[in-house]
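Peer 1: Chain residues, written in single-letter form:
Number of protein chains: 4
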Amino acid sequence: MVGHSDSAVNEVVEPTSEELLAEQIRVFNRMKGSTNFNRVAEDVYPVEVTKNKLVCEMVIQEQHLNSKGTLHGGQTATLTDVITARAVGVTVKDKGMASVELAVSYLLPVKVGDILEITAHVLKIGRTMAFTDCEFRRKSDGKMTAKGKHTLAFLPSQPGISVENGSQF
Amino acid sequence: MVGHSDSAVNEVVEPTSEELLAEQIRVFNRMKGSTNFNRVAEDVYPVEVTKNKLVCEMVIQEQHLNSKGTLHGGQTATLTDVITARAVGVTVKDKGMASVELAVSYLLPVKVGDILEITAHVLKIGRTMAFTDCEFRRKSDGKMTAKGKHTLAFLPSQPGISVENGSQF
Amino acid sequence: MVGHSDSAVNEVVEPTSEELLAEQIRVFNRMKGSTNFNRVAEDVYPVEVTKNKLVCEMVIQEQHLNSKGTLHGGQTATLTDVITARAVGVTVKDKGMASVELAVSYLLPVKVGDILEITAHVLKIGRTMAFTDCEFRRKSDGKMTAKGKHTLAFLPSQPGISVENGSQF
Amino acid sequence: MVGHSDSAVNEVVEPTSEELLAEQIRVFNRMKGSTNFNRVAEDVYPVEVTKNKLVCEMVIQEQHLNSKGTLHGGQTATLTDVITARAVGVTVKDKGMASVELAVSYLLPVKVGDILEITAHVLKIGRTMAFTDCEFRRKSDGKMTAKGKHTLAFLPSQPGISVENGSQF
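Protein chains in written order, with the UniProt record's numbering: chain A, 1 to 169; chain B, 1 to 169; chain C, 1 to 169; chain D, 1 to 169.
Hints were generated in silico from the structure; no laboratory data involved. Note that the Cβ used here is the ideal one computed from N, Cα and C, for glycine as well. Be careful, since some hints might not be right.
Claimed, not checked - No farther apart than 30 Å at their CA atoms in a straight line, the calculated lysine-lysine pairs in the DSS-like style are these:
no., chain 1, residue 1, chain 2, residue 2
1, A, LYS139, C, LYS111
2, D, LYS124, C, LYS68
3, B, LYS139, D, LYS51
4, C, LYS139, A, LYS124
Said to hold, decoys possible - Some chain C residues well away from chain B (every beta-carbon gap over 10 Å; in silico):
no., residue
5, VAL13
6, GLU14
7, ARG39
8, GLU42
9, LYS53
10, VAL55
11, GLU101
12, ALA103
13, THR128
14, ARG137
15, LYS139
16, ASP141
17, THR151
18, SER157
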């Protein structure tokens with residue numbers, strides 16, 4: 001009896017996929033109106049999340065463009081950075097993270113009004129490092145527009161760094 | 001005589017280094033208050049330019065940071081993109097350009113108030129492509145904080161694309 | 001009738017998947033005993049091929065190792081180069097190709113006797129360039145050991161370059 | 001007196017540049033006739049070394065080529081891996097190292113008989129990681145033919161890993 005009650009207390013309840021998604025939506029909502037560089041990801045909307053994958057959408061608007069009127073390479077690079085880090089953060093909640101390497105290949109130009117579907121994959125979470133990649137597709141025809149990768153290092157523990165206070169990344 | 005007059009007409013007058021620098025300062029000034037993604041480079045100030053090198057400075061402020069209070073990886077990636085493209089644009093003025101590959105290695109965190117010295121090198125300008133790299137150093141001690149590279153493709157000619165109307169990148 | 005006969009003449013008969021695989025096996029067989037650097041891929045065996053994907057296997061042996069007794073980073077990089085180029089070559093047969101960018105992330109060490117499953121994906125074949133990536137997995141447990149990418153440029157036509165005479169890459 | 005003698009015992013004698021170079025030449029000599037993948041670097045000859053830089057030369061021969069008769073992309077990638085790791089090994093002698101990320105940009109084809117000058121720079125040696133880059137130049141005209149980078153992780157200490165027994169990389 002006591003044993004049963006104990007084990008109920010210790011049981012780790014895995015969050016449902018709805019709960020995981022609701023958490024990611026909260027995290028991206030916090031970026032809206034941000035005064036730091038995270039404002040650049042404020043138009044991102046998470047649509048699906050599992051332990052190894054985070055899928056988001058973004059409608060391309062003027063603030064995401066370069067002078068030629070297509071999606072800016074720096075915008076794509078920043079989305080790769082933020083969304084892959086968030087995908088790692090689904091699992092790793094108590095550690096600060098720092099970028100080690102970021103790389104993006106640009107395959108197709110993207111125009112205003114296009115909806116981008118952005119899928120970050122967690123390739124490996126190790127002891128000191130995480131490896132990820134990220135695909136950008138035009139939702140209308142599924143064509144890949146960019147492909148990124150992002151390697152992160154976990155920081156030595158510092159009190160106060162957490163997803164809760166928004167200081168993890 | 002005729003020969004002399006002809007050769008005077010055909011003579012290409014190379015711009016002085018002061019003229020080159022003034023042009024780059026004008027280009028970066030145009031980004032201030034931009035409503036597209038180039039606003040992200042509006043705090044960049046060119047300090048030295050040659051045919052193969054563009055050196056800029058930027059004082060790190062809140063709008064450049066991540067949630068941990070250090071320079072955002074996406075900001076560094078965007079600076080790599082913009083400043084290396086500008087370095088190519090010192091020589092190539094009549095062609096549109098598109099990013100092919102961008103990559104950044106992150107060596108050290110950068111704090112508010114730090115002055116970054118950013119040096120873009122043009123490694124090669126070919127027929128269809130240009131190769132560049134980019135070093136980020138903390139001005140106070142000269143330590144490298146990040147290292148980027150950017151490979152660009154020249155676009156097939158399109159009337160109306162030029163550095164003059166700001167549509168080259 | 002005439003129409004029918006014309007259309008028969010013009011009809012492009014798509015090779016079957018067995019024919020595609022047989023061709024790739026022939027190409028990799030030609031590397032055995034090569035006196036140039038392609039010898040480094042002589043232990044690769046194609047197992048599946050489509051227009052967008054080439055899957056190969058390789059049993060790790062002493063000649064693939066570094067001094068620590070694990071798969072050498074240069075061996076992995078070379079396999080990324082060769083196998084992704086071959087994957088593009090399934091579709092593009094009449095053009096020479098040159099590497100523009102190659103990048104590899106190393107996730108896990110690989111030991112002698114491990115069987116690597118290497119999957120190259122063709123992400124885009126454009127007018128002047130092709131984009132690919134490449135996953136390395138340990139066959140025994142499916143874990144990803146490395147992830148590569150390779151961007152290639154098509155060379156201006158030169159008579160005599162073809163997959164037939166083995167001079168395409 | 002005693003003080004003097006003590007200080008003599010504790011004094012770290014920095015090796016001269018001749019001694020550093022002799023050590024690197026010994027290390028590369030050990031690769032000659034190697035049965036593992038390090039054989040691929042057996043034609044490399046160190047010509048200059050400091051704490052932050054290792055310069056080597058290599059004469060391009062048939063075994064370094066692709067099917068088009070130019071330097072193989074995998075050969076260049078492997079040289080980037082080996083020579084940058086060696087450059088870190090000038091300073092870090094007691095730790096095993098593993099590749100995290102390797103990337104190469106290819107600027108110009110290289111032919112048989114060309115002498116390559118390969119310069120590896122150590123950008124940062126941190127607590128758990130080292131950052132490097134690598135320039136390949138054609139010695140005849142100094143033109144850059146490729147540019148690489150290599151990020152390494154230091155392995156947790158294992159008895160028996162050392163430069164002395166050749167098991168560091």
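Peer 1: Going straight from one Cα to the other, do D:LYS124 and C:LYS68 come out at no more than 30 Å?
Peer 2: holds (23 Å)
Peer 1: Hey, does C:LYS139 actually stay past 10 Å from chain B on C-beta?
Peer 2: holds (30 Å)
Peer 1: Is it the case that C:ARG39 keeps its Cβ farther than 10 Å from each residue Cβ in chain B?
Peer 2: C:ARG39 clear of chain B: closest Cβ-Cβ about 29 Å, beyond 10 Å.
Peer 1: Checking the smallest CB distance to chain B, is C:ARG137 really beyond 10 Å?
Peer 2: Non-interface label on C:ARG137 holds, nearest chain B Cβ at 24 Å vs cutoff 10 Å.
Peer 1: When you check the alpha-carbon spacing of B:LYS139 and D:LYS51, does it fall within 30 Å?
Peer 2: Roughly 22 Å between the alpha carbons, so the hint for B:LYS139 and D:LYS51 holds.
Peer 1: Does C:SER157 clear chain B by more than 10 Å, comparing its Cβ with all Cβ atoms of that chain?
Peer 2: holds (14 Å)
Peer 1: Hint check: A:LYS139 vs C:LYS111, CA-CA at most 30 Å. Holds or violated?
Peer 2: Distance of about 41 Å is beyond 30 Å: violated.
Peer 1: Is it correct that the beta-carbon of C:ALA103 has no partner in chain B closer than or equal to 10 Å?
Peer 2: violated (7 Å)
Peer 1: Would C:LYS53 pass as off the interface with chain B, using Cβ distances and a cut of 10 Å?
Peer 2: The claim stands: C:LYS53 keeps its Cβ more than 10 Å from every Cβ of chain B (closest is about 22 Å).
Peer 1: For C:GLU101, which was marked as not at the interface, is the minimum beta-carbon distance to chain B over 10 Å?
Peer 2: violated (5 Å)
Peer 1: Evaluate the condition: distance from the CB of C:ASP141 to the nearest CB of chain B exceeds 10 Å.
Peer 2: holds (30 Å)
Peer 1: Take a quick look at C:THR128 and tell me if its Cβ sits farther than 10 Å from every Cβ on chain B, holds or violated.
Peer 2: violated (6 Å)
Violated hints, in rising order: 1, 11, 12, 13, 17; the structure is consistent with all others.
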